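First to last, the sequence lines map onto chains L and R. No gaps in the numbering here: position 142 of the first sequence is 143 in the numbering used here, and each next residue is one more. No gaps in the numbering here: position 162 of the second sequence is 163 in the numbering used here, and each next residue is one more.
Heads up, a few of these hints could be off.
Unchecked claim - Stretch by stretch, here's where chain R covers chain L in the computed footprint (C-beta under 8 Å, at least three residues):
no.: 1; region: 220-228
no.: 2; region: 246-260
no.: 3; region: 272-283
no.: 4; region: 306-313
no.: 5; region: 329-340
Simulated from the structure, these hints should not be mistaken for laboratory data. No experiment lies behind these values; they were computed from the predicted model shown. All C-beta atoms in this analysis are idealised placements derived from N, C-alpha and C, irrespective of residue type, glycine included.
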Amino acid sequence: MSVEANVTPAARASDELICHCRQVTYAAVRSAVQTSRAGTLAEVQRETTACTRCFGCRFEVEGVLRDELGERYVPTTVVTRDPAAEVNASLRSRLRARVLGVRERVNADPPQKMYMPVLQGFGGHEVSTRLVLFNLHDERTESGRAVSLRADLTRLDGRRQDVWSTTIAPKATTMLEVGEMVHDGSLPDGIGLVKLVLDADAVGSLRPYFHFTSPGGVTSTHEKRGPRRPRLAAKRGYHWIFPIAPKPRQDEAWFFLINTLTTPIDGQRLVFRDEAGREESVAVPRLELDQGACIPLHEHFADVRDGTARGSVRLTPSVHVAGWIIRRDVEVDLWRVQHL
Amino acid sequence: MARAASLDTGRWLPTYGWWPHPDRFQASVMISPYHSALESDADARFATVVRGYAGPGAPVWEHDIGEQGMGEERVLTLSDLDVPPPPPEGAVVEVHTVRLDREPVNGVAAIGMWIDAVSPDGGGYIIPTQPIRGARKVIARDDVQVVPGIIATEDVDTELLLLNVIGEPVEVRLVASSAEGLTQDSKPLTLGPYSAWLGSLRRTVPRVRRLLESSEGVGSLAIYSNHRLLPHFGFSKDGGPVGSLDHTAPIFAN
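Full structure from sequences and hints, please.
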């Protein structure tokens with residue numbers, strides 16, 4: 002299913018799904034708002050069960066609220082699962098399964114999400130992203146389970162641009178060229194992220210990696226998972242760091258991070274510290290759940306730009322993020338990516 | 002300056018990475034306290050020794066970084082050491098960092114650091130060093146790891162790097178799989194103790210291009226070994242430099 006870029010929530014077809022986890026349509030959400038049953042995200046969750054599992058439709062639901070209520074709508078900054086909505090979702094799921102005579106498929110527990118960065122023409126460069134999803138099939142512990150998942154392509158501000166669903170058989174590898182999901186103008190600056198949402202509670206046998214491909218070559222690393230309990234700002238005993246050694250050639254460097262917690266990241270900084278103890282820092286923008294940022298270190302730190310840096314860049318205060326190091330050799334247009 | 006090795010034992014265990022030949026990559030070991038402690042741990046103190054192995058027996062060199070307090074960054078460029086180069090395929094570098102102010106909370110632990118490497122012709126990689134024991138994540142199986150997204154096309158090949166960081170030979174078998182799950186095996190490989198094996202997927206797994214041609218040359222790889230191995234992979238285009246290296250995916254316990 003495709004979500005066309007720059008189409009406002011009001012212009013969506015009424016039978017189009019807004020919440021893929023709970024199978025809730027735009028019309029159901031719009032009706033709840035128009036009949037004054039819902040004026041906040043929490044009330045939409047309670048009335049319709051939309052946005053009560055992976056929160057992937059959060060910005061679309063807020064778009065409907067904004068369309069319908071105008072300035073009366075007060076956006077929320079913390080997305081949580083309303084307890085009453087959870088009960089409603091569970092009851093409706095069981096009822097739907099009973100009426101249809103099928104096994105209950107909608108799980109009330111939050112899925113563990115998996116995140117990947119997307120570069121698709123980033124900065125005007127000829128770089129593209131391919132997802133590679135391998136269902137490894139551990140023959141000792143599993144009889145061979147197919148894995149069903151949904152991939153949400155979103156902008157860095159969290160707005161979803163497209164949705165792709167698939168089922169991967171045991172031992173099979175499935176590829177997704179992200180360029181096929183990108184419509185004109187849907188990813189500003191050619192950058193975004195993909196969020197994988199599995200039908201199952203556990204990630205199990207799925208191993209997602211991704212490729213960045215450019216004229217200079219191919220680079221690859223794997224996804225980063227969100228925490229099992231995204232409501233809790235998990236305490237970390239160390240910092241995410243981006244180590245940087247001297248480079249003999251012109252090299253660009255970015256710190257790519259995604260907030261995987263339901264509470265916003267606010268007030269964080271990236272601090273470069275070298276062997277001599279000198280520090281420089283740059284502010285990290287405020288990020289709500291599923292929003293990302295790609296911060297060009299070579300533009301903020303002179304030693305990184307000059308290739309003389311000897312030290313590391315750390316994210317502080319420490320907080321759980323999905324993060325990657327991205328580098329580009331300017332001369333041969335060769336990218337390098339590594340998860341944190 | 003390197004000096005003779007003296008191995009320590011303790012509850013802080015070492016981590017490992019690739020010691021590449023300097024003609025291929027200029028590699029630096031990046032030692033940062035921030036990777037294992039918080040700014041608020043002002044009393045944290047560390048000591049690190051870096052060792053090079055190129056076969057069984059004792060390390061061929063050892064470099065003592067010395068003590069580091071919180072906030073003290075260190076960069077050790079291996080080509081700056083007065084040591085003989087490793088074989089063309091490279092060898093093993095051991096990074097053994099211990100915390101001096103406390104013992105591990107649970108039994109044993111390993112403090113990983115990073116290696117940042119650049120090639121004279123534009124390639125390079127940046128990758129954390131890995132432990133054999135003492136990892137934070139529990140691994141369910143240590144006899145297989147996977148690479149989702151191997152590539153074997155006319156212009157792009159997958160470079161495989163296998164590190165054996167134990168004192169025994171390790172038997173290895175590579176199984177490439179197509180998008181549909183069809184498979185093709187390599188001949189068995191044997192890696193000597195404390196050594197690196199570097200090879201091309203196209204040369205190691207027969208007919209792998211044909212196996213993968215229905216999915217534009219992309220598939221996956223399982224690496225079976227009779228002991229725990231540290232595999233890595235990267236890609237080279239038209240015989241050019243490897244653009245990056247990443248570690249393979251183990252099967253975790255949860």
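Status of the hints after comparison with the structure:
Remark: the region 220-228 of chain L is confirmed as covered by chain R, as 4 of its residues place a Cβ nearer than 8 Å to a Cβ of that chain, reaching the required three. Counting residues of the region 246-260 of chain L whose C-beta lies closer than 8 Å to any C-beta of chain R gives 6; at least three are required, and the coverage claim holds. For the region 272-283 of chain L, the assignment as covered by chain R holds, since 4 residues bring a beta-carbon within under 8 Å of that chain's beta-carbons and 3 suffice. Counting residues of the region 306-313 of chain L whose beta carbon lies closer than 8 Å to any beta carbon of chain R gives 3, which meets the minimum of three for the stated coverage.
A stretch counts as covered by a chain when three or more of its residues have a beta carbon under 8 Å from one of that chain; for the region 329-340 of chain L and chain R the count is 9, and the coverage holds.
Violation of the numbered hints given earlier is absent; every hint is satisfied by the structure.
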